[in-house]
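Colleague: The lines below spell out each chain.
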Amino acid sequence: MDGSVVVLGGAELAQPVIDNSLEHAIFLTARAALRNAGLEISDIDDVVIACSDQIDGRAISSMITSGPAGAHLRDEINLASSPSHAVAMAALRVLSGQVKRVLVSSWGKHSEGELELAEHLTTDPFFDRDIGLSEIAAMGMQVSLFRSRFPEAASASREVVLKNRHNASKASLRSPDPDSDRVLFEDEFEKSPIVAFPLKRIEIAQPIDGVCSIVIAAGEDTIGAGESEPIWLRGVGWASDGYRLGERSLLDLPHLRFAVSEALRRARLRFDEERIAFVEVDDYCADAELLTCQVLGLSDNGGLQKDIPVNASGGYLGIGRPAFSGGLHRFHRAVEALAKSSHENQADVAVVQSSIGFAGQMQTVFVLSRT
Amino acid sequence: MTQKVAAIGVGQTEFRKTSEAESYPSLLRQAAGRALDSSGLSIGDMDAIVLALAPEALMGINHAERWCVDAVGAVGKPLMRVQTGGTTGLSAVQAGYHHIASGMFDKVLVVGADRVAESGDAQQIFNKIWDPVFERALPLTTISMIAMSAVRYMHLHGMTERQMARVSVKNHANAMLNPFAHLQQRVTVDDVLNSRYLAWPIKLLDACPQSAGGCAVVLSSERSLDASTHVPAWISGIALTGDTYFIGDRVGPKATHDYGDAGALEDAARKAYLMAGIEDPKKEIDVVETYASFSPVELHNVEALRLCDNGEAGRLFEDGYFDLRGETPVNPSGGVLCSNPISVTAMVRFAEATLQIQGRAGARQVPEVGVAVATGAGGSHQFFNVAVLTAEPRQS
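Protein chains in written order, with our numbering: chain A, 1 to 371; chain B, 372 to 767.
Honestly, the hints are just simulated from the structure, not real lab data. Take these hints with a grain of salt, some might be off.
As the list claims (entries may be wrong) - Quick list of simulated restraints, FRET-style, between CB atoms:
| no. | chain 1 | residue 1 | chain 2 | residue 2 | range |
| --- | --- | --- | --- | --- | --- |
| 1 | A | 249 | B | 415 | 12 to 22 Å |
| 2 | B | 509 | A | 340 | 43 to 53 Å |
| 3 | B | 510 | A | 23 | 15 to 25 Å |
| 4 | B | 391 | A | 112 | 34 to 44 Å |
For each residue, glycine too, the CB sits at the ideal point set by N, CA and C.
Take the sequences, apply the hints, and build the full model.
Modeller: Structure, rendered in structure tokens:
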């Protein structure tokens, strides 16, 4: 990108149930992010949020939630399509040269409502609601297609679940299953029920409550005395696929290909360069990670990618999937991991992919670097 | 360095009752098509799309941005959706502006639609924007919300119901010249005063309709503009300010702004004016499209925009100062009192301001417009945005 954008710091809450009001959880997280970035709220120019009215249970959630997110008497905008779009919008604002620091927040408390009902009401009321189309049903259809084309994916999916849970336990982050820090036993996997053929429950990331905030800023001038090493946002790309599953290319994912090509083009980077240290991708179900890696060219035939670390944070399968705000949590964890990675390692770039909507309808890709 | 941004195309559908309007995707498609036609471009020329969709509870499909990707031509393209309550339409324009001002994109389509009353009466939906424990049972709605502001404004500045009615008369008369307006009926001051109360002092003819319709604008970077075919309306200033949520925090000695005034609008205007180099709004602004869903709102809006001093608006409205052929025309389109497709109402203000700059506003055209201002309002009368459009590019 022409122009420099940095991530100064961030904070998150990600738990099966956040035992606090949503407004207070947002306030605590936003304040922690500012502290980690070495800033006060008075240092912030604009606020960008991403929230879902249906998950929050308010017809215009931002009325009550934008204040705790730091928006009082500030320029504020809600990108209700995706938390990744909120990060992109913050970058656009910084690149416009009109603001220097933007506080980005997103959240979702599945514990306060019926997530599946809210998702079901995203469907076409005339043709799709009565047949019970849901996100899990869409996952099942996509995975069924994937495994019929690439039979190896069925066994590789098990490895993804094992890997991500193991990674999460190594990272010492909580997971929705209190026993998940032990290695998954074969018969536990076998006993897990099928919820949307051929997907087993254990292969689907379980929803948790989440709140996340980060600070996006302009270049070196804005780097303060924060606790976190600033990480550079070098490229971003995003694109959407159509609504109807039957009209989409569910395995080729052309909109993801476009998003990653735009992100890499803006970062002036190729995917096969030795500079890529790790990749964080959406594992809303285990096969989603396999499919995304395949589209990114990291693997083939539905198999597990082994050359570059994928979801070293543990992903959603290891930690739980924050309702709505997951993409911002993934971005924040990638930033933290890159900041902590060894400076002796020449691989200083991370690629972060997130999706939202049925079968990954909307895709966003970021390229981060330490330098 | 900030890339300069201009609006080069506008599309609106005819606003009407929801029961008489086309489907939501169809309204989007129509609005987008008309905006592209007016700019001489096709959807293939668009680098990105921004969708304006305010509380989707009104049109009844959660996260409808996923449902209508195809309708707005966004398959395979970057698409974002903005939701900032009543300010959504202008916030979406602001998002499109930043796409281009960043240097990353050259042509952006900003589009939206609404079918208010699809899911039942809008006020039933608007009751759900309030706190479930303390406020919904009052009941708070947007009508009672503005009624309280109006009462406060009456207390502060002596506004009368007759002055409110004068605003309604002006806007209804202007709407007769706007082929897109939902309500096209002349009313008199007595008609307004004799209409039934909704929440004192707001009467039926002081209030907006529940409209269905779509709106779209095409934004372009300066570097990709075709000077031979495009008539640009330059976005020289654009900003939003959000006030506190709780109305009670906006009265009393600790209030940052008084609920009777539109202090956050004044703040947003100050920022937008600064960007555009506007120093004397009374003299420099030629026309205003301001978001006033109820007639008393227009009075404190013109004061917040510094078109007159606080407390002067009532008398000036009575004197015709803000009439179509007055000193500073306000809402020559008929404004929100005559069309309110909520997701795009603030975008329509921007679209109408664009038409005024371009000289394409037909019978409602104000002569020789060099500077036009569009505003949005939303939330608990807490979010306000302002855009300054100019015939010549300027940015400070």
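Colleague: Run every hint past the structure and note whether it holds.
Modeller: Evaluation of the provided hints:
Look at residue 249 (chain A) against residue 415 (chain B): about 20 Å separates their beta carbons, and that is inside 12 to 22 Å. A beta carbon spacing of about 51 Å between residue 509 (chain B) and residue 340 (chain A) agrees with the range 43 to 53 Å that was offered as a hint. Look at residue 510 (chain B) against residue 23 (chain A): about 22 Å separates their beta carbons, and that is inside 15 to 25 Å. The hinted window of 34 to 44 Å between residue 391 (chain B) and residue 112 (chain A) holds, with their beta carbons roughly 38 Å apart.
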